Amino acid sequence: MSNEIIIEGPNVAHGAESATDHHGHEHHEQHFIWKYIFSQDHKTISKQFLITGIIWAIIGSLFSVFFRLQLGFPDSTFPIMEKFLGEWAKGGKLSPEFYYALVTMHGTILVFFVLTAGLSGTFANLLIPFQVGARDMASPFMNMLSYWFFFLASIFMFTSLFVETGPASGGWTTYPPLSALKEASMGSGIGMDLWLISMSLFVVSSLLGGLNYIVTILNMRTKGMTMTRLPLTIWALFFTAVLGVLSFPVLFSGLVLLIFDRNFGTSFYLSEIFIGGKALPHIGGSAILYQHLFWFLGHPEVYIIMLPGMGMASEVLSTNARKPIFGYFAMIISLVGITLLAFVVWAHHMFVTGMSPFLGSIFVLLTLLIAVPSAVKVFNWLTTIWRANIRFTPAMLFALGFVSLFISGGLTGIFLGNSALDIHLHDTYFVVAHFHIVMGVSAFFGMFAGIYHWFPKMFGRFMNNTVGYIHFFITFIGAYLIFWPMHYEGIAGMPRRYYDYSAWESFKHFQGINAFISIMAMIVFFTQLLFVMNFIVSIFRGRKMTTLNPWGSTTLEWTTPIHPEHGNWPGEIPEVYRWPYDYKDDGNGNDFIPQTTPLRPGEESH
Amino acid sequence: MSVFIIITLIALVFIIIYQIGKASEYATVLRGEEKVKAQTNRTIALLLVVVFVLGMWGIWKCNQLFDGKMLPIAACKTGENFDFMFSITVMVTGVVFFLTQAVLFWFCFKYQAKDKQTSFYFPHNNKLEIIWTTIPAIAMAILVAIGLKNWFDVTSPAPPDAKVIEIVGKQFNWLVRYPGKDNELGKRDFRKINDANNVLGLDWTDPHNMDDIISQNGELHLVIGKPVKLLIGSRDVIHDVGLPHFRLKMDAVPGITTTLWFTPSITTEQMKAITHNPDFVYEISCDQLCGKGHYSMRGTIIVETQAEYDKWMASQPSYYAGNNPSAAPAAAGAPASDSTKKESVKEVTMK
Numbered sequence: 196m197s198n199e200i201i202i203e204g205p206n207v208a209h210g211a212e213s214a215t216d217h218h219g220h221e222h223h224e225q226h227f228i229w230k231y232i233f234s235q236d237h238k239t240i241s242k243q244f245l246i247t248g249i250i251w252a253i254i255g256s257l258f259s260v261f262f263r264l265q266l267g268f269p270d271s272t273f274p275i276m277e278k279f280l281g282e283w284a285k286g287g288k289l290s291p292e293f294y295y296a297l298v299t300m301h302g303t304i305l306v307f308f309v310l311t312a313g314l315s316g317t318f319a320n321l322l323i324p325f326q327v328g329a330r331d332m333a334s335p336f337m338n339m340l341s342y343w344f345f346f347l348a349s350i351f352m353f354t355s356l357f358v359e360t361g362p363a364s365g366g367w368t369t370y371p372p373l374s375a376l377k378e379a380s381m382g383s384g385i386g387m388d389l390w391l392i393s394m395s396l397f398v399v400s401s402l403l404g405g406l407n408y409i410v411t412i413l414n415m416r417t418k419g420m421t422m423t424r425l426p427l428t429i430w431a432l433f434f435t436a437v438l439g440v441l442s443f444p445v446l447f448s449g450l451v452l453l454i455f456d457r458n459f460g461t462s463f464y465l466s467e468i469f470i471g472g473k474a475l476p477h478i479g480g481s482a483i484l485y486q487h488l489f490w491f492l493g494h495p496e497v498y499i500i501m502l503p504g505m506g507m508a509s510e511v512l513s514t515n516a517r518k519p520i521f522g523y524f525a526m527i528i529s530l531v532g533i534t535l536l537a538f539v540v541w542a543h544h545m546f547v548t549g550m551s552p553f554l555g556s557i558f559v560l561l562t563l564l565i566a567v568p569s570a571v572k573v574f575n576w577l578t579t580i581w582r583a584n585i586r587f588t589p590a591m592l593f594a595l596g597f598v599s600l601f602i603s604g605g606l607t608g609i610f611l612g613n614s615a616l617d618i619h620l621h622d623t624y625f626v627v628a629h630f631h632i633v634m635g636v637s638a639f640f641g642m643f644a645g646i647y648h649w650f651p652k653m654f655g656r657f658m659n660n661t662v663g664y665i666h667f668f669i670t671f672i673g674a675y676l677i678f679w680p681m682h683y684e685g686i687a688g689m690p691r692r693y694y695d696y697s698a699w700e701s702f703k704h705f706q707g708i709n710a711f712i713s714i715m716a717m718i719v720f721f722t723q724l725l726f727v728m729n730f731i732v733s734i735f736r737g738r739k740m741t742t743l744n745p746w747g748s749t750t751l752e753w754t755t756p757i758h759p760e761h762g763n764w765p766g767e768i769p770e771v772y773r774w775p776y777d778y779k780d781d782g783n784g785n786d787f788i789p790q791t792t793p794l795r796p797g798e799e800s801h
Numbered sequence: 066m067s068v069f070i071i072i073t074l075i076a077l078v079f080i081i082i083y084q085i086g087k088a089s090e091y092a093t094v095l096r097g098e099e100k101v102k103a104q105t106n107r108t109i110a111l112l113l114v115v116v117f118v119l120g121m122w123g124i125w126k127c128n129q130l131f132d133g134k135m136l137p138i139a140a141c142k143t144g145e146n147f148d149f150m151f152s153i154t155v156m157v158t159g160v161v162f163f164l165t166q167a168v169l170f171w172f173c174f175k176y177q178a179k180d181k182q183t184s185f186y187f188p189h190n191n192k193l194e195i196i197w198t199t200i201p202a203i204a205m206a207i208l209v210a211i212g213l214k215n216w217f218d219v220t221s222p223a224p225p226d227a228k229v230i231e232i233v234g235k236q237f238n239w240l241v242r243y244p245g246k247d248n249e250l251g252k253r254d255f256r257k258i259n260d261a262n263n264v265l266g267l268d269w270t271d272p273h274n275m276d277d278i279i280s281q282n283g284e285l286h287l288v289i290g291k292p293v294k295l296l297i298g299s300r301d302v303i304h305d306v307g308l309p310h311f312r313l314k315m316d317a318v319p320g321i322t323t324t325l326w327f328t329p330s331i332t333t334e335q336m337k338a339i340t341h342n343p344d345f346v347y348e349i350s351c352d353q354l355c356g357k358g359h360y361s362m363r364g365t366i367i368v369e370t371q372a373e374y375d376k377w378m379a380s381q382p383s384y385y386a387g388n389n390p391s392a393a394p395a396a397a398g399a400p401a402s403d404s405t406k407k408e409s410v411k412e413v414t415m416k
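First to last, the sequence lines map onto chains A and B.
For the first sequence, the working numbering gives the first residue as 196, with consecutive numbering after it.
For the second sequence, the working numbering gives the first residue as 66, with consecutive numbering after it.
If you're looking for bench data, these hints aren't it; they were derived computationally from the structure.
You may find that some hints are simply not true.
[Claimed, not checked] Here are the simulated lysine-lysine pairs, DSS-like style, with alpha carbons at most 25 Å apart:
| # | chain 1 | residue 1 | chain 2 | residue 2 |
| --- | --- | --- | --- | --- |
| 1 | B | 100 | A | 739 |
| 2 | A | 779 | B | 337 |
| 3 | B | 257 | A | 779 |
| 4 | B | 214 | A | 473 |
| 5 | A | 703 | B | 126 |
| 6 | B | 181 | B | 246 |
| 7 | A | 779 | B | 181 |
| 8 | A | 377 | B | 87 |
| 9 | A | 288 | A | 703 |
| 10 | A | 473 | B | 257 |
| 11 | A | 779 | A | 230 |
| 12 | A | 779 | B | 100 |
| 13 | B | 102 | B | 179 |
| 14 | B | 102 | A | 779 |
| 15 | B | 291 | A | 703 |
| 16 | B | 294 | A | 739 |
| 17 | A | 739 | B | 126 |
| 18 | B | 337 | A | 703 |
| 19 | B | 294 | B | 214 |
| 20 | A | 779 | B | 175 |
| 21 | B | 214 | B | 100 |
| 22 | A | 288 | A | 278 |
In this text, all values refer to a predicted model and were calculated from it rather than measured experimentally.
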């Protein structure tokens, strides 16, 4: 199909400027359904992922507002919640069952549907063909399927919110036996079945997407685009896809075994259980096996979430600092290091499951090793803005915020990765604070940086800057105000996933702080709605993009027309002559040299 | 109705903010884009510095706020080691935190875009990369060394004279079993569990069970200075024995037995004096999501002197006597023919 709409114009050279007022290609006008719904164009699919992700993000974070109301004000009632949740919040107070359902859904939605599908789905689709210089993905059809499997997964997950026994409520990790036995919890009924179906479909979506990204990056680079001339976004998205392709199948196997245990009487995870007044026949299974399978994905998943943000932050920092990213090769090597280590650290989530202390010590060593490539990245980002010429666009602010949050959240990982400290901090608010800062807010900041930066490429218009600045400052300050105090609560041993602390002598005096955190969480939530409004209104009413390359970027996506057709470049795909970070004087008064500019005589390649 | 009003209000605020944003966009065009951009850039750079300074002040205030609200000193030796190691890690990461954040915000201010300023083309420097690969690696090695030493201390085999007590989680409370006079816990089997008169499924054919004492109110009595080894189990789903005052934690997993040992060093009474809190109590929190009552799965620990412990122990009837007043040992012998004889207190060897 893509061949129909691309007219190879031999006369249209890579001088893309001339191509913009050149709308004379013959192409068949596609039907609305094929152009916008079952589209195979990577740009449209990217928008589909982004918009679905935004809808999920609103749902997921709204849930956090609901349960923060319970945590902050356990003695009050909020009739408004009854309007939204009905029976589940009778009289305006959440029931414990639904509190846990909300916590579970908040985690599942944000981790998988927003920060995996919504983040790499959006930016891998948008940027890979654009930045490697390809007309589309290797398999546009598979790419389309990837979105629609995600959509199907979304439907199942969304449906589970409305079943009578409620959605899954065993935490986003859904450890059996709690998740395996209907007697153990209301959410382990049909809601859990829907969760499992949804997540299985999600794995399919993720694999279809990931394979496509890898193949496209390896095989479809334009002429001159060697691997070492790829922007760091592409490197990051490449390793993200590798992580997903190698680890999601393991989660899938874990989910299938859980489906068997739930429905077909097997005992993979179940052994010696007495519940609901009777002893179950299961013997010989291991509940810990599920945790191994889950975290074999679960930990790489953290990097699936982080790496795209790292890549985009690198790109946005360099562009707006008007300075090459410092240590391009060190950045790639550290990505390789993080990717390799990501596969061999999963059991640090399981230090207190009774695993062998010797095995635990190996995982301590490997886990803390990740601090080294992470530190290299941070120092390289800091050196990138040293003696720079920084323009504070909203995207740049979010990239800088990303670095700040990544430092804060990364450092607390050093505590948790060390088993002797984890034995106290495990499953306390310290953990909540740690992962929300590093893979929650920080990853979101990477995503926001990407959205603000590439919005003009996606929609041909700009987002509103002033609203963007307001969005940044409130979110940045708010995120720290929410999660900083949580560290202290965790050090004081306050367990996570509690509905109410008032009966606990050791934790009840944190009530005031919990209330403060809840208020901040609501402010930050509404600020995100402000962003969503800015996003939607700007699609239709935003300031129009008038130049091809508004940020003065070197990469290939800015050589395409303002509204690229399917196929991206009207003429030939431009050829690449240099690395993507040549932010230096080009001799004509510009402070950057695009990748498409040939080396000047005597100029050395990077 | 109130919902409607609130939503309208929020929408209104949003529209106003967006209109301000839009107006500033037009104003930019009117006043000259370059000029306004430069002005905005300066303002943002300054704001970032303000945010940093306020942030540091906020951290200071936060420390003050939590002063006195944190856990008291650790109530066992490994807990003290934990606190020491925790402080070292806070210092190491704290220094890195302040330096990197300060540099980040300072560079933002110092190197904000200025007229006729160009950036310094500085793509790589291998020496720098080596320095900041090596330093974190050394720092990590030190932290790992301290960590593993403590880890192997905590997970080392319990001393032979440790008192063995079993603690079993169920939705949603803790069952504690003491070995009784014979100092030995009898066998149990989950198939023998009966909520009415055999909550842990004790095998009545095992004479060791006859004097075992089960406390169903989740009260764990320990003697100061005497090592205790907990055998941790679960009847249904995964729970976790969280002992914040001892800086310890271990999962309770159905089907396997995990262990944890420590030597309490401060009695509950002494801790009341230390914390100036007459209501102080050592609490056992369930730290693994186990269902709707997870948050209420509370146990307590009473650390007391040997004399107090002996007195309390003497007042406890054995579980058998308390629940089988009429059952003669002979009658209980019947299910002994159970062919699937199972060693239920099988320990996960922590080697």
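Item checked: Pairwise hint evaluation, residue 179 of chain B against residue 102 of chain B, where the allowed Cα distance is 25 Å at most -> holds, 11 Å
Notebook entry, point to check: Quick one, are residue 214 of chain B and residue 473 of chain A close enough, alpha carbons at most 25 Å?
Noted result: At roughly 44 Å apart (the allowed maximum being 25 Å), residue 473 of chain A and residue 214 of chain B break the hint.
Note to self: Need the status of pair residue 257 of chain B, residue 779 of chain A: alpha-carbon distance at most 25 Å?
What the structure shows: violated, 78 Å
Check: Regarding the pair residue 294 of chain B and residue 739 of chain A, is the alpha-carbon distance no greater than 25 Å?
Finding: violated, 70 Å
Margin query: residue 291 of chain B and residue 703 of chain A were given as a pair; does the straight-line alpha-carbon distance stay at or below 25 Å?
Written below: With a Cα-Cα distance of about 30 Å, the restraint between residue 291 of chain B and residue 703 of chain A is violated, given a limit of 25 Å.
Item checked: Hinted pair residue 100 of chain B and residue 739 of chain A, Cα distance within 25 Å -> holds, 20 Å
Notebook entry, point to check: Hey, residue 214 of chain B versus residue 100 of chain B, does the alpha-carbon distance stay inside 25 Å?
Noted result: Roughly 61 Å between the alpha carbons, so the hint for residue 214 of chain B and residue 100 of chain B is violated.
Item checked: Hint consistency between residue 779 of chain A and residue 230 of chain A [alpha-carbon to alpha-carbon, up to 25 Å] -> violated, 40 Å
Margin query: Against the 25 Å threshold, does the CA-CA distance of residue 377 of chain A and residue 87 of chain B hold or violate the hint?
Written below: violated, 54 Å
Item checked: Distance restraint between residue 779 of chain A and residue 181 of chain B, which requires alpha-carbon spacing of 25 Å or less -> Answer holds: residue 779 of chain A to residue 181 of chain B is near 14 Å, not above 25 Å.
Next item on the list: Verify the proposed pairing of residue 288 of chain A with residue 278 of chain A, using a straight-line Cα cut of 25 Å.
Entry: holds, 11 Å
Notebook entry, point to check: Taking 25 Å as the top limit, are the C-alpha atoms of residue 739 of chain A and residue 126 of chain B close enough?
Noted result: The given pair, whose Cα atoms are some 45 Å apart, is violated under the 25 Å limit.
Checked against the numbered hints given earlier, this structure breaks hints 2, 3, 4, 6, 8, 11, 15, 16, 17 and 21; the rest are met.
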